[in-house]
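With chain A fixed as given, assemble chain B onto it according to the hints.
Here are the chains, one letter per residue:
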Amino acid sequence: MSDDAGPAEGPPAPLGEVPISIDSVDRRGALKLLGLGALGAVPLMASAKVMDGLVRDIVKGSMYEIQAAHPDTPREFGRIRQWTMVIDLAKCDGCQSQGTPPQCTTACIEGHFAPQPMEWIEVYEAELNGGGTQFIPTPCQQCENPPCVKVCPVGATFPSPEGTVLIDQDRCIGCRICMAACPYDRRFFNWGTPPVPPEAALADYNPDHQTPASRGTVMKCDFCPEMARDGTLPYCIQACPNDAVWYGDLEEDIATNGRTVVKATRLISGNSGYRLKEHLGTRPRVYYLPGHGEDVGRDTHDEGRMPTEWPWIERAEGAVTWTR
Amino acid sequence: MDTLTNWHERLISKTTRATLVTTYKYWLWLGFLIVVTGNGVFQYWKQWQDGLYVTDMRDRISWGLYITAFVFFIGISHAGTLISAILRASKASWRAPVTRIAEFITAIALLVGASFVVIDMGRPERILNVYLFGRWQSPIMWDVMAITTYLTASIIYLSAPMIPDLALYRDRLVDKVGAVRNIIYRTLALDWKGSPKQYKLLGRAITIMMLIIIPIAVSVHTVVSWIFAMTLRVGWDTSIFGVLFVAGAIFSGVATLIVIMAILRRIYHWEEYLTEKHFLYLGYLLAAFGAFMIYVNINEYLTEGFNLEEAGAFAFRQLFLEDFAIMFWFYIIGGLLGPVVLMLVPRTRTIAGVVAAAILVDLAMFLERYFIVVTGLRVPLMPYEPASYGPTFLEWSIFAAGFAIFALLITVAIKIFPMLAIWEMTEEHEAAIAGEPAEEALMTAAEVAGSGASTERSPSPSRPAEEGAS
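Residue numbers (the numbering used here), protein chains in the order written: chain A, 440 to 763; chain B, 2 to 471.
Chain A on its own, in the form it takes in the complex:
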């Protein structure tokens, strides 16, 4: 615009009236503009909680402290633990030899009333180099550097002092960013109203066992910390006919498959244990010992595995199920 358009008589037309008291009008105008600016306080206030957390974390250097869940959520943590699982693939034949669905999955579904089609421990069939397949039972990897926890906007998924990553379904808002973030496909969503059998409906909800399930929230393998505290092994390990799954505590350096008790670190290192997608830096607490069921007589080319079932679904009234 040109600068030489002289000191004209203000803007044209509607503004014909001469302001009576320029000062008072302008002060009011300015104040109201400021009032408009006060609108800006809305997002600021909204983020006050978040900013508060940020400042606190920086000052205390507690960025890695637990972003624990709702204070009302009943929770009893035992001592400091690092629950771990060691899965011996040489002993896993996907329950082919006994002609049943994978027993770990079935027992988990029975124990947790995991809604169909959730398989908190899922037995994947992966191709081997040179042909044939191996079975990989996959629970939640309980990462030490969990991508799901990092992205959760409300702290509904959180790491516990026992080395598990848990979900508070009472707080979960169902945004599903954790499912996008999990690199192991280990998170499941209650797309509909999940089937709850009568016996599960009475359970006191607790993130340690996640029962009863509720619609619009995320669920996953919780590593059965309650059972471990009570001195029993998780459902999947109890059910494994080949004793292929070991459960233990890296803190105490001990592991058991229900039959033998061994030093966990020796079990892992002595059998060339590895973790899934190690390069991602998630540091899972689930270790695998290489194999394809050869210890229980499975050939790499053995085919056919029974599909997973949800037998208790029939007992749940008006059950809604979906596919994965």
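Honestly, the hints are just simulated from the structure, not real lab data.
Just so it is clear, CB atoms sit at the ideal spot from N, CA and C, and this is done for glycine as well.
Among chain A residues calculated to face chain B with C-beta under 8 Å, some are:
hint: 1; residue: Glu566
hint: 2; residue: Thr577
hint: 3; residue: Pro586
hint: 4; residue: Val593
hint: 5; residue: Gly594
hint: 6; residue: Gly613
hint: 7; residue: Asp624
hint: 8; residue: Phe627
hint: 9; residue: Phe628
hint: 10; residue: Thr632
hint: 11; residue: Gly655
hint: 12; residue: Thr656
Relative to the frame of chain A, chain B by itself:
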């Protein structure tokens, strides 16, 4: 001066006509939009009852059309503020008739886009948890903060420059509209008297908002891209995502602005104000961003396709050759190359050509958002068969309702607010009469089209009159 007054009066009557004269076609259109919205509301009520079970999203492809709509609408919200702020900052002398419409698109698209996140939530009734337990580490929280800030800023940036026009409506339409609108005008005009000092204050406010809003707008779609880029997924966890999203946002924003401008121009006979020049300049802006998008896409897909890691190979194949190939190639050829070609060929360098390019771009950018969301989730993480996703009728209904509400709010806004920036246009016209060399205007436009924003000069919405007065 006489001609100026005539021009000004004609502008006022043409603008107020849109507000005052309501034909039966308007009511038909409004009715249509209400029906589409109503269907969407009904379908959402069903979703509220049954959960997200009624969609086709499942564990493996856990985001779909809703998140696509979210990204798309937040994208087109960049029409407004960013474009009008860039044009203001670069003192593009042809911007005045464009800005108001652009700013309305921004505010409305933001409202619609943000609601799609809530629609996508499994437990929408727990929305307040975001404020009660918000964690600053989560990309979703970054989004909540960025979008609420942007919404606030754009509402201010929309309403502040509208004050003089609202004052004009307040004074001129006092007998012609009902009590509600009179109250609206009186309230929002903030006792505007049009004194030089008020103009000065307003000018300052607009300049400040303009300077604030450019970085906010850039940050918003960057943060939206981070929802995807902050995951460990092939095709998503790339540093180019921020650039791709922001460029795409402005790209689709300009396109939406062109389409809505064309519609309003047709209906309200604003040919005198929204001239071929405006469409062409916006078309050049579109072509420039199209070229930039091509560059960004080559960067992204060449690195992925050249290295071809295992998961990358799957992502590459489904996009270039398999399930999503039609969408992808339509996006590349129709949506990115299309507008560039249309603007390069002299024969299509017309209003019709620009509008055609804009429609192509909007379509292509919607498809791009869709395949980014879906293909990223479709790449198998473990040894399982890739999942499939196709939105259900219910999802499409709610999606359509989003567009209907977007159109509805604009349609209603026309009946309340001045959709042309009367005072700024008058000012611009005044300057033009005073004899600004035409080349300079062209130069500014070329700068804008070329570099996105050229802000080396300290920008101010300089009113010649006010400069003299101060």
